[in-house]
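The lines below spell out each chain.
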Amino acid sequence: MSPHLILRVVAKLLIPLIVVFGFYVQFHGEYGPGGGFQAGVIIAVAVILYALIFGIDAARRTVPPVAVRFGAALGVLIFAGVGIATLFMNGAGEPLNYLDYDALHPDQGHHTGQHYGIILIEIGVLTTVSSVMLAIFYAFAGRVPDIPDEEW
Amino acid sequence: MNHADLTQYLDYLLIAMLLAVGFAIVRLRNLFAVVMLTGVYSLLCAAWFVSLDAVDVAFTEAAVGAGISTVLMLGAMLLTARESEPAGAGRHWAAFAVVAAAGAALFFAIPDMPVYGDPESPANAYVGRDYLEQVPHDISIPNVVTAVLSSYRGFDTLGEVVVVFSAALGVMLLLGFGTGARRREEEED
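First to last, the sequence lines map onto chains A and B. Going by this note's numbering, the first residue of the first sequence is number -6, and it counts up by one from there. Going by this note's numbering, the first residue of the second sequence is number 481, and it counts up by one from there.
In short, the hints are calculated from the structure, not lab data. For clarity, every value in this text was computed on a predicted model and none was experimentally measured. Each hint should be verified, as a subset may be incorrect.
To be verified - If you want the footprint, here are the derived chain B segments under chain A, 3+ residues with CB under 8 Å: (1) 486 to 492; (2) 512 to 525; (3) 542 to 550; (4) 584 to 593; (5) 641 to 648.
Backbone N, C-alpha and C define an ideal beta-carbon position, used for all residues, glycine too.
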């Protein structure tokens, strides 16, 4: 029988719920509290919980450090890229401004461009924040040898 | 006003607990206990922010302060000692003088603070009111905090994301990519 069985079973139940809650916070940020920062942290916490219970190597196989480093930069590029896209898309025929989301969609009455822009940059924030939290965790945890099962 | 009277006792209780946890953190030597108590401190802060109707801030404090910081501080603690060194007695008095002076200045400033919930206070008047009035016309999303963060202050938020990214860069440059120690162990085998 594997050690700390209860922890493993509870973690297996909790991790999917944590991830779903993270995405809820992400995509519900326009209506309730939350947004990319909080959702990114919550999703990183799900992976960190997995690493704490099942070992850092299992977590590294699931979410490779290469992907984490790539994601940290990708999120910043998505955010900055939305700003550059607004410079080149002139849907409204108004003066062009960096990160002026109104340029993203011609429908000004319902502010569709604003909605697109906020969703896009929040995805960028989510990618960077979750990757950065995991990268920092991997950097710290990777230097400490795993605690043997009998020392729990 | 009965409602406000009741919640203010909750605020006093939370602030008293914050003080108690703060003193415990200062007194304790065991770093593991200190790290766990800083997590408790953040959680109490988050509860207090909810009581002040600042749910977005409370959410961030609970997720970042009580959640991920505690894990990262535990990871950092494993790389150092488990107990803190006792500080010299001379430094105690210098620190106490600085804290007492700063505390006295804060108490001196209390009469200038606006009343709690005052709609005419600088934080609620001017831009704050403008945002509340303009968001339905400019952005038309219900959460004003998200509208301010992502749209009105989008450039600031981009700066924050870059700051978070540079934090990861700094940690990775200092500690490596989390593979160095392991690789060295394998080479020694």
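We went through each hint and held it up to the structure:
Evaluation of the coverage hint for the region 486 to 492 of chain B: breached, as 0 residues show C-beta separations to chain A shorter than 8 Å, against a requirement of three. Coverage of a stretch by a chain is defined here by at least three residues with a beta carbon nearer than 8 Å to that chain's beta carbons; for the region 512 to 525 of chain B and chain A the count is 0, and the condition is violated. Counting residues of the region 542 to 550 of chain B whose beta carbon lies closer than 8 Å to any beta carbon of chain A gives 4, which meets the minimum of three for the stated coverage. Coverage of the region 584 to 593 of chain B by chain A is violated [criterion: at least 3 residues with CB-CB distance below 8 Å; count 0].
Counting residues of the region 641 to 648 of chain B whose C-beta lies closer than 8 Å to any C-beta of chain A gives 6; at least three are required, and the coverage claim holds.
Hint violations for this structure: numbers 1, 2 and 4, all remaining hints satisfied.
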